[in-house]
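> Listed here are the chains, written in short residue letters.
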Amino acid sequence: MKTVYPDSRGRYGEFGGKFVPETIMFALDDLEKGFNEAIENAEFMEELQHELADYSGRPTPLTYAGKLSAKIGGASIYLKREDLNHTGAHKINNAIGQALLARRMGKKKIIAETGAGQHGVAAATAASRYGLECKVYMGEEDIRRQALNVFRMKLLGAEVIPVSSGTKTLKDATNEAIRQWVASVEDTFYMIGSAVGPHPYPKIVKEFQSVIGYEAKAQFAQIKEGGLPEKVVACVGGGSNAIGIFSAFVDEDVSLVGVEAGGKGLLTGLHAATMANGTAGVIHGSLTYLLQSQEGQIQEPYSISAGLDYPGVGPEHAFLKSTERVKYENITDEEALEALNLLCREEGILCALESAHAVAQALKEARSMRAEENIIVCLSGRGDKDVHTLFEQQKEEVSHGQ
Amino acid sequence: MGSRMKEFQSKKSSLFVPFITAGDPSPVVTVDLALALQNEGADALELGIPYSDPLADGPVIQRASKRALENDMSLEKAMKLVANMRAAGLTIPVIIFTYYNLLLQLGEQKFFELASQNEIDGLLVPDMPFEESKDLQKSCSAHDLSFISLAAPTTSQGRLKEIGEAAQGFLYCISSLGVTGARTSFANGLDRFLDEARSASSVPVLIGFGLSSREQMQQFEGKCDGFIMGSTIVSKIEELGPDLLREDKKGEALQTFSDFLSKLVPLNVYS
Numbered sequence: 001m002k003t004v005y006p007d008s009r010g011r012y013g014e015f016g017g018k019f020v021p022e023t024i025m026f027a028l029d030d031l032e033k034g035f036n037e038a039i040e041n042a043e044f045m046e047e048l049q050h051e052l053a054d055y056s057g058r059p060t061p062l063t064y065a066g067k068l069s070a071k072i073g074g075a076s077i078y079l080k081r082e083d084l085n086h087t088g089a090h091k092i093n094n095a096i097g098q099a100l101l102a103r104r105m106g107k108k109k110i111i112a113e114t115g116a117g118q119h120g121v122a123a124a125t126a127a128s129r130y131g132l133e134c135k136v137y138m139g140e141e142d143i144r145r146q147a148l149n150v151f152r153m154k155l156l157g158a159e160v161i162p163v164s165s166g167t168k169t170l171k172d173a174t175n176e177a178i179r180q181w182v183a184s185v186e187d188t189f190y191m192i193g194s195a196v197g198p199h200p201y202p203k204i205v206k207e208f209q210s211v212i213g214y215e216a217k218a219q220f221a222q223i224k225e226g227g228l229p230e231k232v233v234a235c236v237g238g239g240s241n242a243i244g245i246f247s248a249f250v251d252e253d254v255s256l257v258g259v260e261a262g263g264k265g266l267l268t269g270l271h272a273a274t275m276a277n278g279t280a281g282v283i284h285g286s287l288t289y290l291l292q293s294q295e296g297q298i299q300e301p302y303s304i305s306a307g308l309d310y311p312g313v314g315p316e317h318a319f320l321k322s323t324e325r326v327k328y329e330n331i332t333d334e335e336a337l338e339a340l341n342l343l344c345r346e347e348g349i350l351c352a353l354e355s356a357h358a359v360a361q362a363l364k365e366a367r368s369m370r371a372e373e374n375i376i377v378c379l380s381g382r383g384d385k386d387v388h389t390l391f392e393q394q395k396e397e398v399s400h401g402q
Numbered sequence: 001m002g003s004r005m006k007e008f009q010s011k012k013s014s015l016f017v018p019f020i021t022a023g024d025p026s027p028v029v030t031v032d033l034a035l036a037l038q039n040e041g042a043d044a045l046e047l048g049i050p051y052s053d054p055l056a057d058g059p060v061i062q063r064a065s066k067r068a069l070e071n072d073m074s075l076e077k078a079m080k081l082v083a084n085m086r087a088a089g090l091t092i093p094v095i096i097f098t099y100y101n102l103l104l105q106l107g108e109q110k111f112f113e114l115a116s117q118n119e120i121d122g123l124l125v126p127d128m129p130f131e132e133s134k135d136l137q138k139s140c141s142a143h144d145l146s147f148i149s150l151a152a153p154t155t156s157q158g159r160l161k162e163i164g165e166a167a168q169g170f171l172y173c174i175s176s177l178g179v180t181g182a183r184t185s186f187a188n189g190l191d192r193f194l195d196e197a198r199s200a201s202s203v204p205v206l207i208g209f210g211l212s213s214r215e216q217m218q219q220f221e222g223k224c225d226g227f228i229m230g231s232t233i234v235s236k237i238e239e240l241g242p243d244l245l246r247e248d249k250k251g252e253a254l255q256t257f258s259d260f261l262s263k264l265v266p267l268n269v270y271s
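In order, the protein sequences belong to chains A and B.
Letter 166 of the first sequence, counting from 1, is numbered 166 in UniProt numbering, and no numbers are missing.
Letter 40 of the second sequence, counting from 1, is numbered 40 in UniProt numbering, and no numbers are missing.
None of these hints come from the bench; they were simulated from the model.
As the structure is a computational prediction, the values presented were derived from the model and not from experiment.
Note that CB positions come from ideal geometry on N, CA and C, so glycine has one too.
Be aware that a few hints might be false.
Unchecked claim - Partner residues aside, some chain A positions facing chain B, computed with beta carbon under 8 Å: (1) 6; (2) 9; (3) 13; (4) 281; (5) 294.
In isolation and in its complexed conformation, chain B is listed as follows:
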């Protein structure tokens, strides 16, 4: 694990990890959005790689993937984009969120080369369950990358223990069954699931899938170490997209985006 991820782990209890799709609405604007997220208090960035068949995603992120693919985005290009983010001042950890097929086609060796060259800190593969990911998890450790594991409310206690013990960086707990996307209610027995996840794991336990407001985060006060938020943010980017792409309107659109974030980021959620 690299130093950025270590710093992330030691920060505070209400960690905030937003998700955006690389290349949406354009590669250049993705860099601007990453910086805006950092400025508004993001503790790490989950950078989604667009995929033609995103099985774990709902319509909002599917549409973002489609837009990004139209901009010719790929795993390799997205990783190189992180170097631009670093050059522009991004200091928080960046976690690459990619479906397994894209990683498989790029090749592991090339992936780790690019990860090192472009200062990438973590990897999350939503369609690669624990059993299939053991070798990749080891390779990540060997290359100072955190392999982010997921646990779901449907994960058995035995598996949760195994996943929790092996977790690197943070443990991503899925709040509800189904795909990504804002929702109003969460899975039954979520509190017990989070308790079990925290006792099974020595890394921060973050909750994601479906969170769309600061009020929802407050529901989980004291039950997890932070939050991951995707569709709500991506939806805002979709709305602002046309303006973000216009030089004369970009500044104003970025300000609107920052104002929107300032109402979401759980800076003082536990105070």
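Next comes chain A alone, as it looks inside the complex:
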């Protein structure tokens, strides 16, 4: 059966919806109307395809990781190379889509939030290309951790606004971006970076990220004469690369695995495993699973990867978990680092720490599969931004005599 959601209220089963101040309800209605018109408009879709191809560099390859597969044993591993996109991650697919939509809707200013900085860089890039003014909200702690991306955003002409409330990370940057959107909603487009937030954002982000899945499916079919992989694996913070790649396979007989950040281990409390340890609640305008106290105060997540460090998850993922269509697992910092190093040495690919979680899970899955079976892993981004973190990590290991 084909899946038809969200419904007219923006619900994915019990999840999703619009839980926002009344002030921005009209903007969400406008956005929904503008988006529905745009994706039905041949000219808009043609321009989007053109920009994805000629500017961002799509299609990205589907690379067979032959040495890695042989080393692990079991299934063959294929990598969907979103790391080869312009700006270095899948985030640009959505940023180009939303920037073109903003321009089509007559908005001249965009605001965005960012954690690790990849969405901020993508938003600043798209804003620069399409002549939009761009403000990026970023937690002070993330500004410190991701100084290089902050510099890139500034080079691209964006204004980076430090957020000092709460724990000064992505959660607080998102709160602040929404607050600022409420204040400037009449002329400003909010470019959200993941498949989260009030309806219609999760639907919009999925649409613009679905290119990952459709390309991967077609590329795999070409290699394997029309066949499908047995499994597709992707990391999940908010979940936009995962929802993008899953979209082409969700109605097929393909096993889907989402991978969250297990941080230092679920028992330590230091993790971002929303699906494993979260409960249903409302965050950033949407009903979904989130990490919270019994009373409903949102709790801080932890991950070595700033991009997975989010206390909620996109509402469609919450739905896919509740229907058991997607299996959600978690990978610790240590396992992710190990997978990152292995991929680097075997295939010469330095992936983002986010993507390393998906790689680590794929390695686990591959071991218990047969040699003729195949796994596609979404390699959501490249690891340049994480070199500093990796350097610090290695230094620590050296100082511990490892």
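Chain A is fixed; fit chain B onto it per the hints.
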């Protein structure tokens, strides 16, 4: 709707509804502040429940939430605090202002039980728009609670009509775009918005967000039925906080708070 809210609706045209955060600077002092507000002429009290991620609030109320959370305040504890206010002589309606997640985690059934046990009169959920709140609105009616709806200058005429018709207790009209916090100017077309809100609704129309002085209230003379004021009052509580927490200074600090209120409350604003 309960009798306290009915009395509120029939009182006068310049209704005054102040907002304070439960647990700021301490649960005990919250009770004292509520009584001071009543003594200075508040017609109802909006009691804010602290939340870690208050999307609709500006920095002043965010800071108050943080302080209250450090005092271990929760929705359940705040509702129980209202019983203490009643025991100490609070007779005006109390409206609980809470973000939806806190209500969701407490559970509706428990919320209505506590509301009845602790003599609570209304509920306001700033991140729950009209479409999402229909069921909750019905449950509120069934439990004699007023569900306070919000309308904004950006609300379309069609929606405003629907919201106005369903409004219980009073209709909360947002004066300006953005989050809570004192400001010097208000949204364009505000007069027309208030006119439309009054003709769409049979309950009093109150204006809030950004009001910080009696002079500002005078600007709206004849255009609404009353005022909601939060950040200016919470800011004063923040300033007086250290003294309010000291037994030897509390009396004096409460007097300062009352003097401050007496200059704000629009008792004779239309005379």
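> For every hint, state whether the structure bears it out.
Evaluated hints:
1. 6: Hint violated; residue 6 of chain A Cβ to chain B Cβ min 14 Å, cut 8 Å.
2. 9: Since chain B brings a Cβ to about 7 Å from residue 9 of chain A, closer than 8 Å, the hint holds.
3. 13: 15 Å, violated
4. 281: 5 Å, holds
5. 294: Status holds, d = 7 Å.
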